[in-house]
Amino acid sequence: MPQIAQIMETYSSQIFWLLVTFGFVFFVVGRGMVPRVMDTVAQRDNQIASDLAAAEAARAKADEEEEAWRKRENENRANAQALVAKAKADAAAKSEKKLAAAQKRLDTKLATAETEIAEARTAALTEVESVAAEAAQDIVKQLAGVKVTAASAKSAVKKAMTHA
Amino acid sequence: MAAEEGKVDPMHQFHIEPLMGSNGWEIAGFNIAFTNSALWMAITTVLLTIFVAGGMKRELVPGRWQMMVESATGFIDDMLEANVGKAGRKYVPYIFSLFMFILFANLLGLLPIGVVGLHPFTFTSHFTVTGVLAIISFAIVLIVGFWKHGFHFFSLFVPHGTPLPMIPIIFPIELISFLVRPFSLALRLFVAMMAGHVLLKVLSSFVIDGTNAGPEFAALVGIPSFILMIGISALEILVAGIQAYVFALLTSLYINDAENLH
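Top line first, the protein sequences correspond to chains H and F. Mapped onto the working numbering, the consecutive letters of the first sequence carry residue numbers 1 to 164. Mapped onto the working numbering, the consecutive letters of the second sequence carry residue numbers 1 to 262.
Calculated from the structure, these hints are not laboratory results. Small disclaimer: the values here were computed from a predicted structure and weren't measured. One or more of the hints may lead you astray.
Here are a few chain F residues that face chain H, going by a calculated C-beta distance under 10 Å [unchecked claim]:
| no. | residue |
| --- | --- |
| 1 | ASN31 |
| 2 | THR73 |
| 3 | MET100 |
| 4 | THR128 |
| 5 | GLY150 |
| 6 | HIS152 |
| 7 | LEU156 |
| 8 | PHE190 |
| 9 | ASP209 |
By construction, the Cβ of each residue, glycine as well, lies at the ideal position given by its N, Cα and C atoms.
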């Protein structure tokens with residue numbers, strides 16, 4: 001077995017060259033390059049994680065915005081409905097008022113008309129009375145030849161008219 | 001190696017030989033010849049560096065290569081997080097280096113470039129190499145353990161709820177099982193890699209010798225051995241990955257002991 005047969009002549013060279021080459025590998029590759037390779041991996045992992053976090057945040061923000069928009073929209077709708085209801089109520093109140101005013105005008109017109117009519121009637125009645133008294137005076141003069149005073153004729157007429 | 005003419009020596013592949021006349025290189029009296037083993041360590045290092053460097057584009061949307069490198073680091077990161085917890089992250093550079101270095105070495109040793117005359121060499125099949133790696137891992141465990149917990153680290157050898165009279169017995173058992181760890185780490189990788197390569201070489205010698213012996217031997221020995229070789233090769237690729245994983249996993253488990261006691 002050369003490993004044992006040659007050990008005395010070769011051990012120092014084996015150890016020396018192993019230390020040289022493995023030392024080079026350890027210090028240049030292991031200490032120099034590997035940390036930077038792992039750094040790159042860590043950087044990429046960070047990048048991915050932060051990108052994911054940003055996407056998540058953006059989604060949350062969009063949700064929030066949508067929620068806010070919905071709220072605003074609901075508020076606006078409620079406002080609009082309140083406005084419409086108010087306008088309706090206002091319009092109803094106004095028309096009622098107008099109707100009431102018109103009614104009142106009509107009522108007063110009716111009342112004045114009635115008083116006018118009543119006045120006209122009484123005026124007519126007094127005229128009828130005086131005409132009747134005169135007629136009664138004439139009739140009595142013609143039929144009985146008795147001259148009746150105007151006053152007594154009048155009272156007679158009045159009596160007859162209240163009787164009738 | 002006294003190999004006969006035309007015979008395949010299954011152990012020859014583990015033979016270390018200096019390249020380019022570097023036999024005499026020395027530091028403080030120690031030989032540091034640039035051997036075929038060292039060459040494959042260098043190739044492993046270069047390819048691993050290129051592999052990881054290709055994943056450094058740092059793009060937000062990774063390409064295929066970057067994705068591969070990132071899955072490798074992510075795999076080690078997950079393993080440490082699962083076994084050690086948050087404190088395990090600081091060991092990612094070491095465990096990553098260990099895992100990828102062993103994995104590349106195992107896989108490169110399996111490359112079928114023998115067909116074009118080159119000889120792949122699996123340096124993880126030498127316990128001098130796996131031993132050093134195991135000792136480094138074990139040293140990290142010891143340093144971290146004593147650094148974080150001081151002498152309280154010895155409570156690792158007395159599991160929770162041990163009855164007082166049992167402590168004198170349990171303590172040495174736990175201590176020995178702890179001290180055996182670097183050996184088991186080193187031997188497991190070295191044996192697994194060597195056994196696989198020896199098996200492949202033995203089977204290939206069956207193919208070659210059987211086919212040379214005549215058509216009936218070829219049909220009876222050569223072809224079945226060849227089919228078996230294909231299967232074993234696939235298995236070896238699996239073993240290359242599993243052994244690298246086991247080495248890294250056990251190291252992270254031991255580090256967990258040192259970080260968190262138990």
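Inset, instruction - Identify whether the interface hint at F:ASP209 stands, where standing means a beta carbon of chain H within less than 10 Å of its own. - result: Violated, because the Cβ-Cβ distance from F:ASP209 to chain H comes to roughly 22 Å (cut-off 10 Å).
Inset, instruction - Would you settle whether the hint for F:GLY150 is holds or violated, based on the nearest Cβ-Cβ distance to chain H being less than 10 Å? - result: It is violated, given that the least Cβ distance between F:GLY150 and chain H is near 27 Å, above 10 Å.
Legend entry - F:HIS152 as chain H interface residue, shortest Cβ-Cβ below 10 Å: Not OK, violated: F:HIS152 not within 10 Å of chain H, min 29 Å.
Inset, instruction - Verify the interface restraint on F:MET100: the C-beta must sit less than 10 Å from at least one C-beta of chain H. - result: With a minimum Cβ separation of about 7 Å from chain H (threshold 10 Å), the hint on F:MET100 holds.
Inset, instruction - Mind checking the CB of F:ASN31 against every CB in chain H and telling me if the closest is under 10 Å? - result: 5 Å, holds
Legend entry - Restraint outcome when F:PHE190 is required to lie within 10 Å of chain H by C-beta distance: 8 Å, holds
Inset, instruction - Classify the hint on F:LEU156 as holds or violated, based on whether any CB of chain H lies nearer than 10 Å to its CB. - result: 26 Å, violated
Legend entry - F:THR73 as chain H interface residue, shortest Cβ-Cβ below 10 Å: 5 Å, holds
Inset, instruction - For the hint on F:THR128, just tell me whether its beta-carbon gets within less than 10 Å of chain H. - result: With a minimum Cβ separation of about 4 Å from chain H (threshold 10 Å), the hint on F:THR128 holds.
Of the numbered hints stated above, those contradicted by the structure are hints 5, 6, 7 and 9, listed in ascending order.
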